[in-house]
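Visitor: Taken in sequence, the protein lines are chains A and B.
At position 373 of the first sequence the residue is numbered 569 (the numbering used here), and the sequence of numbers has no breaks.
At position 81 of the second sequence the residue is numbered 277 (the numbering used here), and the sequence of numbers has no breaks.
For the record, the hints were derived by calculation from the structure and aren't laboratory data.
One or more of the hints may lead you astray.
No copy labels: a pair is met if it fits in one copy or bridges any two.
[What the hints assert, rightly or not] Below, in silico cross-link-like pairs of lysine-lysine (DSSO-like), each with a Cα-Cα straight-line distance of 27 Å or less:
hint, residue 1, residue 2
1, LYS329, LYS393
2, LYS455, LYS361
3, LYS642, LYS254
4, LYS565, LYS419
5, LYS647, LYS324
6, LYS272, LYS606
7, LYS643, LYS606
8, LYS393, LYS451
9, LYS272, LYS419
10, LYS447, LYS272
11, LYS367, LYS325
12, LYS520, LYS272
13, LYS393, LYS447
14, LYS367, LYS625
15, LYS606, LYS419
16, LYS272, LYS600
17, LYS642, LYS600
18, LYS606, LYS254
19, LYS226, LYS565
20, LYS600, LYS226
21, LYS204, LYS451
22, LYS272, LYS451
23, LYS272, LYS455
24, LYS324, LYS625
25, LYS447, LYS204
Number of protein chains: 2
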Amino acid sequence: MKQNEKYKIYLEEDEIPTQWYNVRADMKIKPAPLVNPATGKPATLEDLTPVFCEELAKQELDNDTRYFDIPEEIQKFYRMYRPAPLVRAYFLEEALGTPAHIYYKFEGNNTSGSHKLNSAVAQVYYAKKQGLKGTTTETGAGQWGTAVSMASAFFHMDAKVYMVKVSYEQKPFRREVMRTYGATVTPSPSMTTEIGKAILAEHPGTTGSLGCAISEAVEVAVKTPGYRYILGSVLNQVLLHQSIIGLEAKKAFDKIGVKPDIIIGCAGGGSNLGGLMSPFMGEKLRGEADYRFIAVEPASCPSLTRGVYAYDFADTGRICPLAKMYTLGSDFIPSPNHAGGLRYHGMSPIVSELYDEGLMEARAVEQTKVFEAAEMFARTEGILPAPESSHAIRVAIDEALKCKETGEAKNILFGLTGTGYFDLVAYQKFHDGEMSDYIPTDEDLKKSIAKLPKI
Amino acid sequence: MKQNEKYKIYLEEDEIPTQWYNVRADMKIKPAPLVNPATGKPATLEDLTPVFCEELAKQELDNDTRYFDIPEEIQKFYRMYRPAPLVRAYFLEEALGTPAHIYYKFEGNNTSGSHKLNSAVAQVYYAKKQGLKGTTTETGAGQWGTAVSMASAFFHMDAKVYMVKVSYEQKPFRREVMRTYGATVTPSPSMTTEIGKAILAEHPGTTGSLGCAISEAVEVAVKTPGYRYILGSVLNQVLLHQSIIGLEAKKAFDKIGVKPDIIIGCAGGGSNLGGLMSPFMGEKLRGEADYRFIAVEPASCPSLTRGVYAYDFADTGRICPLAKMYTLGSDFIPSPNHAGGLRYHGMSPIVSELYDEGLMEARAVEQTKVFEAAEMFARTEGILPAPESSHAIRVAIDEALKCKETGEAKNILFGLTGTGYFDLVAYQKFHDGEMSDYIPTDEDLKKSIAKLPKI
């Protein structure tokens with residue numbers, strides 16, 4: 197059997213990358229800096245360290261260092277669930293009757309169920325190294341919170357997770373996994389913070405939002421000695437850690453002598469897409485190779501395709517640094533019928549800048565079409581995909597069908613970020629014909645975008 | 197990095213075994229034959245084929261053929277999720293402070309969440325090859341039903357799954373996964389069969405049992421043209437298919453030049469344990485090597501440690517062939533506080549015979565101790581284990597702690613059959629201190645054992 201006839205390409209353990217790649221080093225126009233809302237000036241290390249661990253704040257601000265060594269302890273942890281396989285989707289290709297070659301990088305083979313673990317372990321490790329007691333964070337769909345819990349159990353660190361209330365109530369099992377790993381999970385908004393109390397006073401029946409949970413977690417981190425706040429997406433540091441996805445994928449492709457033509461990732465805050473595409477984008481930025489990149493977002497939360505590129509609040513409570521990003525406004529909350537994650541109002545500043553420069557494309561897809569793709573994928577490739585990942589599957593299928601029309605044998609790579617074992621309420625709605633699509637009106641978006649800060 | 201310093205030993209795809217190993221060929225005393233309850237004589241091919249697919253019935257009866265070729269189509273399916281890794285549990289060893297080397301063969305990296313898929317794909321394939329429309333089966337905890345659904349989707353076959361009512365109600369997500377793969381799931385006992393109606397008439401409030409679900413599935417298979425019944429454990433054919441677990445594990449050990457001293461598997465009907473130990477047991481039977489084998493069963497369903505070795509009914513409706521096995525009697529139902537699978541009243545005839553000859557040991561463990569082990573494993577090794585698998589973890593930990601006392605660096609292998617993503621109600625009970633142990637009294641067992649058939 198030849199290497200390129202395999203279903204799964206696994207690297208050897210000693211081929212797991214030992215450095216993260218920082219795509220900012222190769223960007224001619226750097227992502228806009230975070231801004232201190234109090235001063236209106238770029239956030240300094242001193243501004244960031246009360247909230248973030250010092251090492252992570254340094255990574256956040258460093259636009260120049262191309263490679264960061266991955267500490268030994270993190271490498272050890274990575275070996276627990278990495279390398280993640282690059283899989284050739286032979287069965288899906290066959291079902292579609294496409295000449296395209298479809299590959300996916302599968303990041304769901306770990307109990308957190310997604311790629312989020314790649315950054316969680318890094319962030320918890322740096323907190324431990326700094327001598328802290330624990331971290332605070334928020335979680336929406338639950339993957340990030342689970343990842344933080346697992347990493348915290350491993351490093352014997354405390355984890356306080358603020359979980360968007362609607363998820364907390366609808367996903368008791370997600371909560372329970374986090375408890376298994378020893379984390380404290382609080383539904384947000386809660387009465388444990390000033391911001392939570394204020395939001396509850398103003399909107400007593402609210403089911404919460406990511407922006408609100410972030411505010412609560414940040415407040416607790418700042419007020420509790422020995423704690424810092426950590427975040428699973430959007431930030432530059434997160435994309436740095438997630439570059440391991442793309443680095444492994446690239447190494448695996450090099451092994452079989454294949455070059456992907458199209459690279460597709462679902463995009464909420466940009467952690468998976470940014471990580472998957474980073475090393476390939478680096479080649480494009482350096483003029484060494486060309487690739488098409490497609491960010492796929494939900495039509496119900498279309499920050500890239502319908503948002504504006506501007507400085508915005510990162511959280512509802514407006515206590516975080518401001519970020520320049522494609523945004524729908526920090527008050528934007530996706531329609532309640534939206535299933536799964538990918539519900540953040542903004543987008544990673546790195547992804548935003550690359551998109552703004554025309555180095556990548558974006559596409560918005562409706563969720564019934566997403567679940568159709570998810571079910572087809574499950575039945576042919578065996579893996580039950582997460583709703584988030586299924587956005588990428590949808591567009592990979594669409595591109596493969598275009599190849600069927602044109603007869604082109606393109607190499608399509610998409611990120612299969614996770615599994616859908618905790619998303620079966622959404623699958624049930626889809627099967628029962630109770631799932632609907634919702635596209636926000638221009639009026640809706642105008643309202644939330646109107647509240648952007650003046651900077 | 198040397199091979200034996202790796203965390204995970206993956207075979208290459210072209211090293212996946214292409215033949216199953218039939219341990220019966222090396223047994224001096226063969227497992228007792230199935231018996232036709234109508235004639236009291238060993239079941240013939242003609243007796244079995246109205247219920248089972250012909251090829252599977254042949255495998256069931258064949259005590260002599262040592263190796264069976266795995267059909268090409270099944271090999272293709274295996275490549276979707278195999279090889280399964282052999283993992284060195286470095287982190288668990290470190291947490292225990294044991295000199296023992298602990299290895300586990302992880303079979304949970306597929307959406308069905310367990311090893312059951314290994315036999316499901318084989319059984320559904322043979323049904324398709326015979327030109328049938330579909331299969332019927334039962335499922336308790338849900339792994340087997342999910343596996344059958346996945347295999348059926350792949351081969352475009354219909355699947356009618358009878359799910360023990362208590363699981364159907366407590367595990368709506370398991371049900372939903374099966375629906376995603378296109379299976380029909382019916383809570384058992386149901387009004388769709390004569391046996392179901394009779395059981396409901398006699399016990400209106402019953403929450404069902406595996407024995408009852410088997411009866412319903414068999415009835416439907418026999419009465420519906422184009423259908424046959426398939427079963428996920430107990431049968432000789434299932435252990436044959438599951439030998440792929442042991443064959444892969446053995447190949448991986450050979451690669452790193454290690455020989456396990458103790459081989460541990462959880463035992464409900466015997467599918468995982470039988471499959472894991474088969475090739476090692478073969479060496480022992482042929483006098484080529486020696487190993488200790490330990491079957492681990494729940495104290496609440498202790499067929500090996502407290503049952504009798506006798507012919508018994510395989511199902512509550514008493515329509516299946518009789519099997520000679522360690523059994524608690526076909527009326528035995530584990531206490532309702534018992535979590536997860538491993539609740540069948542009997543044990544694989546192969547495992548029963550090997551145990552009866554003293555070729556292996558058995559141990560019964562209480563479920564609170566099992567969940568303690570599960571949580572420790574999750575926190576150190578990262579994987580949330582299924583309750584069933586955690587029985588094996590418990591004993592692996594106990595044996596590793598004995599090594600700590602004696603200073604011996606034994607090689608311990610256990611089967612990590614699956615993941616616990618659908619068992620979080622049980623984990624929650626454990627965390628909340630609401631989980632209890634129940635050991636049936638001698639009186640309880642006497643009652644159900646008294647009803648064994650006279651043969």
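Visitor: Taking the hints in turn, state whether each one holds.
Guide: Do the hints match the structure? See the list:
no. : hint               : verdict
1   : LYS329 with LYS393 : within (25 Å within a copy, 60 Å between copies)
2   : LYS455 with LYS361 : neither (43 Å within a copy, 51 Å between copies)
3   : LYS642 with LYS254 : neither (36 Å within a copy, 70 Å between copies)
4   : LYS565 with LYS419 : neither (44 Å within a copy, 39 Å between copies)
5   : LYS647 with LYS324 : neither (38 Å within a copy, 61 Å between copies)
6   : LYS272 with LYS606 : between (36 Å within a copy, 23 Å between copies)
7   : LYS643 with LYS606 : neither (42 Å within a copy, 67 Å between copies)
8   : LYS393 with LYS451 : neither (55 Å within a copy, 60 Å between copies)
9   : LYS272 with LYS419 : neither (32 Å within a copy, 56 Å between copies)
10  : LYS447 with LYS272 : both (20 Å within a copy, 25 Å between copies)
11  : LYS367 with LYS325 : neither (32 Å within a copy, 41 Å between copies)
12  : LYS520 with LYS272 : neither (35 Å within a copy, 48 Å between copies)
13  : LYS393 with LYS447 : neither (49 Å within a copy, 60 Å between copies)
14  : LYS367 with LYS625 : both (15 Å within a copy, 16 Å between copies)
15  : LYS606 with LYS419 : neither (53 Å within a copy, 49 Å between copies)
16  : LYS272 with LYS600 : between (43 Å within a copy, 24 Å between copies)
17  : LYS642 with LYS600 : neither (39 Å within a copy, 67 Å between copies)
18  : LYS606 with LYS254 : neither (40 Å within a copy, 46 Å between copies)
19  : LYS226 with LYS565 : neither (35 Å within a copy, 55 Å between copies)
20  : LYS600 with LYS226 : neither (38 Å within a copy, 55 Å between copies)
21  : LYS204 with LYS451 : both (12 Å within a copy, 20 Å between copies)
22  : LYS272 with LYS451 : both (24 Å within a copy, 22 Å between copies)
23  : LYS272 with LYS455 : between (29 Å within a copy, 25 Å between copies)
24  : LYS324 with LYS625 : neither (42 Å within a copy, 31 Å between copies)
25  : LYS447 with LYS204 : both (13 Å within a copy, 19 Å between copies)
Hints 2, 3, 4, 5, 7, 8, 9, 11, 12, 13, 15, 17, 18, 19, 20 and 24 from the earlier list are contradicted by this structure; the remaining hints agree with it.
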